[in-house]
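Construct the complete structure from the given sequences, taking the supplied hints into account.
2 protein chains.
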Amino acid sequence: MAKLKTSPRSLRFPSPPHKPIRAKYGHVVAVDIGGSNLRIALADVTGCALAKWVGSTKRTCSPTMVIKQIRKGVDQLLRQTSVPRSSLLAVAAGAPGPTDRNAGAVLATSYLKGWKDVPLGNLLESELRIPAVVENDVKLAAIGEHWMGAACGVRDFVFLAIGTGIAAGIFVNGQLVHGPDWVAGEVGYMIVPGTPATPAKRGTPGALESTIGGEGIKQQWLSSPDPGHIKGRHELSATGIFYQALVGDKRAKALLDRSAKILAYAIYNISVVLNSSLFVLGGGVGTNGPLLTATQRILEPYTQPSCPKLITSALGQDAQLMGAIRLALDTAESRLDRKLSDN
Amino acid sequence: MAKLKTSPRSLRFPSPPHKPIRAKYGHVVAVDIGGSNLRIALADVTGCALAKWVGSTKRTCSPTMVIKQIRKGVDQLLRQTSVPRSSLLAVAAGAPGPTDRNAGAVLATSYLKGWKDVPLGNLLESELRIPAVVENDVKLAAIGEHWMGAACGVRDFVFLAIGTGIAAGIFVNGQLVHGPDWVAGEVGYMIVPGTPATPAKRGTPGALESTIGGEGIKQQWLSSPDPGHIKGRHELSATGIFYQALVGDKRAKALLDRSAKILAYAIYNISVVLNSSLFVLGGGVGTNGPLLTATQRILEPYTQPSCPKLITSALGQDAQLMGAIRLALDTAESRLDRKLSDN
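First to last, the sequence lines map onto chains A and B. Using this note's numbering, the first residue of the first sequence is number 11, and each one after it goes up by one. Using this note's numbering, the first residue of the second sequence is number 11, and each one after it goes up by one.
Quick caveat, the hints were computed from the structure, so don't treat them as lab data. Predicted model, so just to flag it, every value in this text is computed and none were measured. Where hints are given, some of them may not hold.
Because identical chains share one entry, a pair is satisfied inside a single copy or across any pair of copies.
As the list claims (entries may be wrong) - Derived DSS-like pairs: lysine-lysine, alpha-carbon spacing no greater than 27 Å straight-line:
| # | residue 1 | residue 2 |
| --- | --- | --- |
| 1 | Lys260 | Lys82 |
| 2 | Lys228 | Lys211 |
| 3 | Lys319 | Lys126 |
| 4 | Lys271 | Lys211 |
| 5 | Lys319 | Lys211 |
Pasting the structure below:
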């Protein structure tokens, strides 16, 4: 069930503040492949999103099917905006797992029925006949927040996404950190007091993720004794549970306090490694008000060697797509550079 | 009591493998200011150390006194090697605390009776009349290991120094990480299962350092019940205690196992943040054989998302001085670049 949105106002995309590319005319495609949704945006060379298309990846999750779906979405966006196909300069796509940007490959993901070493860049280039670049979705969100979100202009920051999964997009000296195996920022595996300390098995959540990721919180909630007075107790999400703490549920409050403490340790540990001055929190759990407030309160006395500052994502769900627009623009720009130097 | 060593063989400095600078003739001064010793080396433009001078900072610890001592050491080195003063191109100095390389200032140190915001760069330039650069000592050691030590040519690695203090010098994408407040790598503050989780007070050791730093290990050893059969039990250093574990002392073995577990968690946590493929261990505790073996064994099953590899420092005590030589050469080079672009 694909939906098409065309008014920039309805997209709630902010206006791009800087870095227009040198191409005078053209458009880029931004793709965010999630475990549930496929989202595509069409943007002009100034980075302004003209329209967005949303589909589902719940049934069509194989690489070939997702590529066909992307093609369908792009076709619809071009028709809707009357942009000619020849105007497309580049496409950038994000996937929910480690990706090798140089090879254009999704190395692994526990979503989409487990992709492994999928040459997504090549598949996209073959289908759309434009240069393609592939990046991890949390790293894309960090690029988005760095370009025009909560970390705009900040050279050293961490975008920390906490939803079902936990991962970080890390900027050091103004550059995104990938690591030699493309798994920098996989902080869902971090071990702190209150998490398990046993090694994580392949394909299973890491220590931090299994404790304060959305599913981990829900599991702890369901395994705590049921006081019986909360309607729909079993249907509550992690964020719903944390809001129960605010209305006086003691078990929810204990779970919130424990989760905030563990999150505070994890953030502090990242900050002592990198001295990141800013942590931008994203994802359903990461942007939860009660959790953020409790975590900030716990972190206050941790002033040595420096005090990490927490804020929530400014771009919300659009962070990935905005990062993909920026990355697609950069790809178009670098291709232009190469053409200019060849001539 | 200053000692002068002049034979390159006696210095045991390795030959510099690459990156000679463009200046055809000249020399640089490398300084390592420690809590106990002041060490100075004189090197030629190929990075080859000609002579080394060692003094004590136990009594002469004020900035002015240390500067005078450096002047004295440099004078002796120049006389000894018959190098004219006019041939000096630059000096690089390392200090045991956070330093602001841009401002040339030592921001703080718990050694040397507590320096604070000392403009060491300016003081050195005034005294020696050559360009000066100032860097944290552990970061200098990382530069040394990256240039011609255990991490030669490795773009992403962590030099982890564990002695009395604990800190790291971190390379990401081939660049040293400083952080916006110059305190990146202060991992002695990390919180893992087995360390305290309370906030560290200003000037006191962090959670990890207070547990597995040299003093922390000694304190735990002394507070454990005395079996009475080890001669000189109270005089044992952390490394001596760990060797007792090898000869069958059960309390020493328990302390070794606990320390290795905590060190393994800390290394694993750094690796999940940065995906550093290599950890180079330095310092008296960090290079202790029994600790390294036990830590490696604990880390073996921690293969997700990637497996950190541990090795010991190749340059040992000379890592800081080698890093200072490289940094002084780079400073000389960049001044040369500036002169060339001015003409």
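Structure-based check of all given hints:
Taking the shortest Cα distances, Lys260 and Lys82 never come within 27 Å of each other, neither inside one copy (50 Å) nor across copies (68 Å). Taking the closest pair of Cα atoms, Lys228 and Lys211 come within 27 Å of each other only inside a single copy of the chain (21 Å); across copies the shortest separation is 36 Å, beyond that limit. Taking CA atoms no more than 27 Å apart as the test, Lys319 paired with Lys126 passes between copies only; the shortest distance there is 24 Å, against 36 Å inside one copy. In this assembly of identical chains, the alpha carbons of Lys271 and Lys211 lie at most 27 Å apart whether taken from the same copy (25 Å) or from different copies (19 Å).
In this homomeric assembly, Lys319 and Lys211 come within 27 Å of each other (Cα to Cα) only across copies, at 19 Å, whereas the closest approach inside a single copy is 33 Å.
Hint 1 alone, counting from the list given before, is not met by this structure.
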